[in-house]
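Residues per chain, in single letters:
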Amino acid sequence: MLVKIGKWLLFILFALTITGVFVWAPLREGLGEFTRVIYFHVPAAWMAVLFFLLAAYYSYRYLQTKELLFDAYAQISNEMGILFAVLATATGSIWAKQIWHSYWNWDPRETSIFILLLIYGAYFSLRSALEQEDRRARLSAVYSLLAFVTVPFFVFIVPRIYFSLHPDPVINVQGKVNMEARQRIVFFSSLILQTVFFLWVFNIRRTQVKLKMMIRRYQETQTFKEK
Amino acid sequence: MKLLAKNIVKRFGNHIVLRNISFEISNGKSLAIIGSNGSGKTTLIKILANLIAPTRGSVIYQQNGQTIPREHINAHIGLVGPYLQLYQELTARENLYFFARMRNIPDYQKRIAGLMETLGLKGREDDTVKAYSSGMQQRLKYVAALLHQPDVLLVDEPRSNLDEKGIETVYRLLQEQKERSILIIATNDSEDLQLADQTLKVEQA
Amino acid sequence: MKQTYLILIKDLQQEFKTRYAINAILLFAIVTLSAVSFAIGTFTAGEQVLSALFWVILFFSSMSGLSHIFIREEETQTADTLKLVARPVHIFLGKFIFNLLLLIALEVVLVPLFIAVMNFQIAGFGVFTLTLFIGNFGLAGGGTMVAAIISKASAKGALFTVLSFPILLPVLISGISATKKAAEQGALSGAQNELQALLAYSVIIITASILLFDYVWNE
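Chains as they are written, first to last, in our numbering: chain A, 1 to 227; chain B, 1001 to 1205; chain C, 2001 to 2219.
Source of the hints: derived by calculation from the structure; they are not laboratory data.
All values derive from a computational prediction rather than experimental measurement.
Do not rely on the hints blindly, as some may be mistaken.
Keeping only pairs whose Cα atoms sit at most 30 Å apart, straight-line, the calculated DSS-like set for lysine-lysine is [to be verified]:
hint, chain 1, residue 1, chain 2, residue 2
1, B, LYS1201, C, LYS2156
2, C, LYS2156, B, LYS1122
3, A, LYS66, C, LYS2156
4, A, LYS97, A, LYS7
Restraint-style ranges between C-beta atoms, simulated for each label pair [to be verified]:
hint, chain 1, residue 1, chain 2, residue 2, range
5, B, GLY1120, C, GLN2077, 45 to 53 Å
6, B, HIS1072, C, ALA2045, 54 to 62 Å
7, A, TRP104, B, ARG1070, 49 to 57 Å
8, A, GLU180, C, PRO2112, 58 to 66 Å
9, B, PRO1069, C, LEU2113, 49 to 57 Å
10, B, GLU1164, C, THR2076, 56 to 64 Å
11, A, TYR218, C, THR2076, 37 to 45 Å
12, C, GLU2075, B, GLN1066, 45 to 53 Å
13, C, THR2044, A, ARG28, 49 to 57 Å
C-beta: ideal position from N, C-alpha, C; glycine also.
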């Protein structure tokens, strides 16, 4: 019952937010309609990072327990993550064209999301090169964690170093500081609601994967009994 | 020394290779694992040799009633098999010295010389393994496996690549091993069964 | 520690006899350097471009040679032989040091050649050497770990580069920046940020690798 109310609430709030994005929130000077990208671009980037962290967590759990279900969870986390990484990179690039008149600049944020994209790509390349299930699970989990360890460097080091090379304005500085009240409301609504919504989608996917695993386990015990 | 295998199950993806394998073997005994090609003999040997972990079940090595922890099992095992190669570019001596030092065997030069002679490889210590014939390589594998006087000797296909004389020598060594401690062989050659006290049949799933 | 040393000696012995990895890595470096030099011709490239080029050549040369140490064990079926006598941590450390030496051998040849051929004026050669030295630990650490991972995969080829690039990118970024600063000013203080980053990265990647290696090596 509570879940049903939650879903309806989500639906209504989401509808309001999207209306807000396209109608209610004021546009910024000079950007025009392109201001609206931020309501989708930043959440996408944030979720690319969120699913990366989730994947690392599930990878860690897999190595700890050798439970294949965790490997499946790690895989679907990465699947959602790469989707958002692509979306974030694409929307960011379009937006960059408007602000800085160039699709790609190697600005710290751009570089970070690109690297995240590379890590996701590498993860799936690795998985497709491994046929044995337990090996695949084990090695991709290790790689996930290895990548997770190097990510802080991009977050902390790159801006520091790049600042000395290219004093470009960081997207964040422009975005968060100079937002009007209405924009702020829509922005944070979008951020929170999208997070909730896509985590819900993720949960459905998790259940799907879990059911698949349960069916498989059941089939195995059946063939086991036959012999 | 006692080796206990309890309900070993090994699955590769959807393919179950070993189902509920259990057995027990103690000092002075030998076991032959038999089965057709692809039945899982090699997988079982690798599990017993601590190279692969079983999907379910356990392999327990006990000495004087105490279970030996997994990290220390390697010191008690010797393995000979077609999938276990020696370093081709190095000489036999370099290979054997490497293994001996890694295993911390005291007085290894003498031991190596003795084994090389027993297996008819005396004088060939400084040839590269690549220059060895397949029969000689097989015999060299026995030297490498017996260097540290393992409590458990696992041999996959004992007579592969060996001529009559080689088989004779190896059989003698395997017999000694059995009397001294534990011998486990995997084979589909019925001739090898003479070495075994117990047999375990592994069936293709 | 003795086991680490023995494994290192064994690998060096093998390498000495076959010279496979060192040839691959040197050949790649020389070919790439020639191509770059030829393409640039008489144009004088600035410090930034030259720093970047140097690290690009260094990185891709490493990609040709750093994975050899694990792939060879798998391909010649000696991996299990090694597994029977050695503890995982020593295997990693032994091969890590091997790759470290391999990189140093590469740089001994590449650095003078690059400086001469590309006319790279470096104000602070000491800082540059220090950058390379610390950077090597990062490259060898991450590279050895990824090499171990892909050695167990079927289609090795480009997989090593694809997987290594994101992992080793911090080394590239810091290394290029530090090299540029070494070339321009040469003061240690100028490249402090980058050198600290390289050091931190090396420590973290080696620690993580040692912790995770067991999971890669044990089936």
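Quick rundown of the hints versus the structure:
{"no.": "1", "hint": "B:LYS1201 <-> C:LYS2156", "in the structure": "violated, 37 Å"}
{"no.": "2", "hint": "C:LYS2156 <-> B:LYS1122", "in the structure": "violated, 40 Å"}
{"no.": "3", "hint": "A:LYS66 <-> C:LYS2156", "in the structure": "holds, 25 Å"}
{"no.": "4", "hint": "A:LYS97 <-> A:LYS7", "in the structure": "violated, 37 Å"}
{"no.": "5", "hint": "B:GLY1120 <-> C:GLN2077: 45 to 53 Å", "in the structure": "violated, 24 Å"}
{"no.": "6", "hint": "B:HIS1072 <-> C:ALA2045: 54 to 62 Å", "in the structure": "holds, 58 Å"}
{"no.": "7", "hint": "A:TRP104 <-> B:ARG1070: 49 to 57 Å", "in the structure": "holds, 51 Å"}
{"no.": "8", "hint": "A:GLU180 <-> C:PRO2112: 58 to 66 Å", "in the structure": "holds, 59 Å"}
{"no.": "9", "hint": "B:PRO1069 <-> C:LEU2113: 49 to 57 Å", "in the structure": "holds, 52 Å"}
{"no.": "10", "hint": "B:GLU1164 <-> C:THR2076: 56 to 64 Å", "in the structure": "violated, 29 Å"}
{"no.": "11", "hint": "A:TYR218 <-> C:THR2076: 37 to 45 Å", "in the structure": "holds, 42 Å"}
{"no.": "12", "hint": "C:GLU2075 <-> B:GLN1066: 45 to 53 Å", "in the structure": "violated, 39 Å"}
{"no.": "13", "hint": "C:THR2044 <-> A:ARG28: 49 to 57 Å", "in the structure": "violated, 44 Å"}
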